[in-house]
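Asks: Protein sequence lines, in the order shown, are assigned to chains G and W. Numbering of the first sequence is given in my numbering, commencing with residue 19 and proceeding in unit increments. Numbering of the second sequence is given in my numbering, commencing with residue 110 and proceeding in unit increments.
Don't take every hint at face value.
Said to hold, decoys possible - Distance windows between CB atoms, simulated: (1) Glu-232/W / Phe-74/G: 14 to 24 Å; (2) Tyr-63/G / Asp-363/W: 53 to 63 Å; (3) Trp-45/G / Gly-182/W: 28 to 38 Å; (4) Val-519/W / Glu-43/G: 53 to 63 Å; (5) Thr-29/G / Glu-358/W: 21 to 31 Å; (6) Gly-182/W / Ile-44/G: 29 to 39 Å; (7) Gly-280/W / Val-283/G: 49 to 59 Å; (8) Asn-129/G / Pro-467/W: 47 to 57 Å; (9) Glu-358/W / Trp-72/G: 51 to 61 Å; (10) Tyr-63/G / Gly-359/W: 30 to 40 Å; (11) Tyr-63/G / Val-519/W: 49 to 59 Å; (12) Pro-521/W / Thr-27/G: 51 to 61 Å; (13) Tyr-63/G / Asp-495/W: 54 to 64 Å.
What the hints assert, rightly or not - Here are the simulated lysine-lysine pairs, DSSO-like style, with alpha carbons at most 27 Å apart: (14) Lys-318/W / Lys-360/W; (15) Lys-115/W / Lys-297/G; (16) Lys-294/G / Lys-115/W.
I should point out that these hints are in silico values taken from the structure, not numbers from a laboratory. Note that this is a predicted model, so its numbers are computed, not measured. We put the CB at the ideal spot given by N, CA and C, even for glycine.
Next come the chains, spelled out residue by residue.
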Amino acid sequence: MSVESSKYTFTIEPKSRLLDINFREIWRYRDLLFLFVRRDFVAVYKQTIFGPLWFFIQPILTTIMFMVVFGGIAQMSTDGMPQAVFYLAGIVSWNYFAEALKTTSETFVTNANIFGKVYFPRIITPMSIVISKLLTFAVQMILFLLVYFYYLFFTDASLHPNIMLLLIPVLIIITAGLALGLGLLVTALTSKYRDFRFLITFAIQLAMYATPIIYPLSEIEDKRLKLVILSNPMSSIIETFRYAFTGVGSFSWGALGYSFGFMIVLMILGVLIFNKVEKTFMDTV
Amino acid sequence: MDPIIKVENLSKQYRLGSIGTGTLAHDLTRWWHTVRGKEDPYLKIGEVNDRTTLGDSDYVWALKDIKFEVQQGEVLGIIGKNGAGKSTLLKLLSRVTAPSTGKIICHGRIASLLEVGTGFHPELTGRENIFLNGAILGMTKKEIASKFDEIVDFAGCQKYIETPVKRYSSGMYVRLAFAVAAHLEPDILIVDEVLAVGDAEFQKKAIGKMQDVSNNSGRTVLFVSHNMAAVKSLCTRALVLENGVIAFEGKTDDAVSFYLKGGSNLMNSRNFESLINHEIFKLHEIKIKNFNKNIDEPIVEDEIIELSTEITLTTEHPENYSITYHIFSELGEPMFSFSNSLNASLKTGLNNLVCYFPKGFLQSGQYFLSFFVVENRKNAVFVEKDILSFVVVDAGRDIGVYMGREPGYVRPQFEWINKT
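Let's have the full structure, built from the sequences with the hints guiding it.
Replies: Shown next as structure tokens:
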């Protein structure tokens, strides 16, 4: 092999161009992406007795809690849906977003050890997180479907699955994109200044209340408040998700388009800043 | 032919101190300069990285204007004291962090053994970790699968391959990690201090593998180590880094002795002219060196060591006095004492007493001498602790033999006879 013609020729320089993503390189590391996903998914519940059952237990308990507190004590409306379906739909979709965001936003800090020793395209790590959380989401989705089918076939609850079910993959993509974009942004910022780390856990908690999870969007009368809730890009996703399965709730192309646009902007911003930080983050982390 | 690695004016600046509001102010200034298309103002300042003196600047150059080339198939040693910039250089080469200025042009895949076992997940089994670690180091699944048996064989852990690596002994863990990296087949392999771990048998394997890599497949190796014996026997050329700059570049032997000379804050000789004036003697000088070598050359373990003591006796009864030395290890353990009393007697006036240690008697390491003047072979009339300290260095050893330190402090060459 001649030295000049090596396909691995590269130059190490201080600064990169603004948007300098080497897609070919990311493609070359696709096996790593897959193995990271596997590791994250498999390693979590090693040395536990219930193993993957834990993926179920958390949403079940949260749903029961919501049914007792918000449905039972506070008597909040669920748009005429069975409470279990209503809350579980919200929790499962929100969980995906929250978990993916929280973990990607810690990419640099938790992986400092490995990043400090070998090079691979750093973006692989947050990508793998978003994908492995997607697997968790898929498992929890099975739980949701079990509950959903129970109410659909064995009770006379008014559930009207409709054509919008085809949008589910789009919803997932937007959610993944939002979590990834925001996560990249936050992790880039936290690599030097840790302030955001405290903010993010707290912000995710608060944002849940600004998303129609424990209440339906239709319940909100105040115009301005509704606008605030709708400015949260996750709102329309959760509403659309519920609408697709039950035919109840608010669905609008405009709101969904807004979420999509928001996701694109966030992704571009996130990747840009992540890219800028990844080269020297080891010096500041 | 073009060099496989070309390093041009490479510099790396670090900021000292902790990150807080002060750094935010600097970040903003830097950002303001970039926005207006100006140069980073903080790259103009900074000082040579001498950690012992307190500098005025918050910025320090861990590497400054490094320039070198590596040809394909070369085994380049990089030596230097702790903090000379070796690790920084390796970090830049392995793309863990980016340089502040300058650039590196590389034609080939680089794999580093900066610290083996990177990315090993304790909960995953040996098998899973081989794949994961291989992928982190840049191999595809197919490549790893084709080498899997070889890796397991090299690491010698067939029995444990389905056990989580957290149950492995530390030696086994390191062996497995090294095995993965060694089978990576990169064009350029970066090795940092791996020889410090593992048992003798494994060291032999590891060094053999490195040799293999460079000799048979024409691959390039960058080798960073404090083990001069290993550097000497493996490398074709070496760089000496000192405070972030290349202090020496050339043949391995020359580089090693340059490094050993420069790196000593030792007292191979000491002049006492006006310091020690006793009523019965005046001590002039004590020096220790290899026989037939200059005083400024490092003391090598496989050559005769010569200790000379220049002393003037002012007493009328020199026969009553003798000189004794105690020798201590670097941990302060007393090792043995030796004296001139039975071999060479002192005279009134100037004496130049010389004592020879046989070849290979002292192992590599640092030693301390305490000096005694003894009267009538029973009471010490003068004691000076740690009067001299010196370092004995490893000689280069044959390739393939154990490179680590033998146990103990002496390695006498006894007479052996095969009586069959």
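Asks: Which hint numbers does the structure go against, in order from smallest to largest?
Replies: Checked against the structure, the only hint that fails is number 10, while the rest are satisfied.
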